[in-house]
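Let's have the full structure, built from the sequences with the hints guiding it.
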Amino acid sequence: MIALSFSAELSLSCRPPALGDMPVGMENGPSDPLKPPVPTLMAVARMAGVSPITVSRVVRRPDIVSSGTRLRVEDAIRKLGYVPNMVAGSLASARTKSVGVLVPTIANSIFADTVQGLSDVLEPLGFSVILAQSGYDHQREERMLAALLSRRPEAIIMVGAPVTAEGAEMLRRARIPVVETWELPAAPVDAAVGFDNHDAGVVVGRHFAKAGRRRLAFVGGDDRRATQRWHGFVEAAREAGLTEPRRVLIEWQSGAGAGAALLATAPDADAVFAANDAYAIGLLSALRRAGRLDVEPGTVPPIAVVGLGDLEMGRLFSPTVSTIRIDGAAIGRAAAELALDPTKPRRVDLGFELVLRESG
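Numbering-wise, the sequence shown is residues 2 to 361 according to this note's numbering.
There's no promise every hint is true.
As the list claims (entries may be wrong) - In silico DMTMM-like links for lysine to aspartate or glutamate, alpha-carbon gap of 20 Å or less:
# : residue 1 : residue 2
1 : Lys-211   : Asp-269
2 : Lys-345   : Asp-191
3 : Lys-80    : Asp-114
4 : Lys-211   : Asp-191
5 : Lys-345   : Glu-240
6 : Lys-80    : Asp-271
7 : Lys-211   : Asp-121
Claimed, not checked - DEER-style ranges, computed between Cβ atoms:
#  : residue 1 : residue 2 : range
8  : Arg-153   : Arg-47    : 46 to 52 Å
9  : Asp-350   : Asp-269   : 21 to 27 Å
10 : Val-84    : Leu-357   : 48 to 54 Å
11 : Val-84    : Glu-359   : 48 to 54 Å
12 : Thr-266   : Leu-357   : 21 to 27 Å
13 : Arg-153   : Asp-295   : 55 to 61 Å
14 : Arg-47    : Glu-354   : 53 to 59 Å
Just so you know, these hints were derived from the structure itself, not from any lab. Using N, Cα and C, we set each Cβ at its ideal position, and we do this for glycine too.
Take a look at the structure:
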């Protein structure tokens, strides 16, 4: 996987050196007496006793080369320390063997699970993963999409759908597979794999109502996926005849701020749906410090908390965190398969599961 930070400008020289300027067998300019020569494709071919085109096939299409020949070439590559110039090859073949991946943040381990899942599918097939982060910023998302597309990936996979119409149009014009994940838009740019965030909110709201909770609150950001969860949560509360839940907005970076925000905004809440497990853990920590989790044995806790994501930390925390379980790695694997195969169904719902533990 390749993680890149993109600069505003790239300076390129368009004049290649004349062949006579370069020593035979060198690919990277004149030799430096203090540095060892850079191993070349020709050197690999000579060591393996094959043609240069066979070396190229082993690098780019190993599946079409006999196993004996492939092993000889791979052994020569290892011994020489040869690194193929995939960019040069892509200029001739129009294939870069790369996939651009845009996530809001890698600080949330559930998105890291998605990146791992798609990498598990792509990398064995020879694809590089180019990773960028939007930081939940609309303008930065557009810049990162443009930067990813400038590297001519063969597909784009992103968490969520493009926030702006300009970003969506940029992706359509690229004419490559685009897979939106973690939500299921009615009309994706190309393909989508995830779950229904609105329905997740409905399920949590109905659970709280059935448990006899009456003063509901929602803690999360104002991004589209959190808002969909909020709308479903409100729908379930109204369906049960409850007053509309309080919505407590917090910055996406601040799991620790969730508890303070709730205590300041909805101090009488007896059930809280946190938009993700990081917020739920931060909220439970603050509630414990405030004495809101103190309970006599055999009695109902004064406040219930449900998160989303099923993070490992939530399973280790005390109280263990009730959650909407999402299989982030499965989302990543399915997204990679959609990116590679345009004949697959373009909208895949992987669903979710309400997992009840000690927190509510």
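Outcome of the hint check:
1. Lys-211 <-> Asp-269: 19 Å, holds
2. Lys-345 <-> Asp-191: 11 Å, holds
3. Lys-80 <-> Asp-114: Outside the cut-off at roughly 34 Å; violated.
4. Lys-211 <-> Asp-191: Roughly 39 Å between the alpha carbons, so the hint for Lys-211 and Asp-191 is violated.
5. Lys-345 <-> Glu-240: Not OK: Lys-345 and Glu-240 at ~37 Å, beyond 20 Å, violated.
6. Lys-80 <-> Asp-271: 65 Å, violated
7. Lys-211 <-> Asp-121: This hinted pair is violated, its Cα atoms lying about 40 Å apart.
8. Arg-153 <-> Arg-47: 46 to 52 Å: Roughly 32 Å apart at Cβ, these two residues miss the hinted range, so it is violated.
9. Asp-350 <-> Asp-269: 21 to 27 Å: Once the Cβ atoms are compared, 36 Å apart, the range 21 to 27 Å for Asp-269 and Asp-350 is violated.
10. Val-84 <-> Leu-357: 48 to 54 Å: 51 Å, holds
11. Val-84 <-> Glu-359: 48 to 54 Å: 52 Å Cβ-Cβ, so the 48 to 54 Å window holds.
12. Thr-266 <-> Leu-357: 21 to 27 Å: 26 Å, holds
13. Arg-153 <-> Asp-295: 55 to 61 Å: Hint holds: Cβ distance 59 Å, inside 55 to 61 Å.
14. Arg-47 <-> Glu-354: 53 to 59 Å: 57 Å, holds
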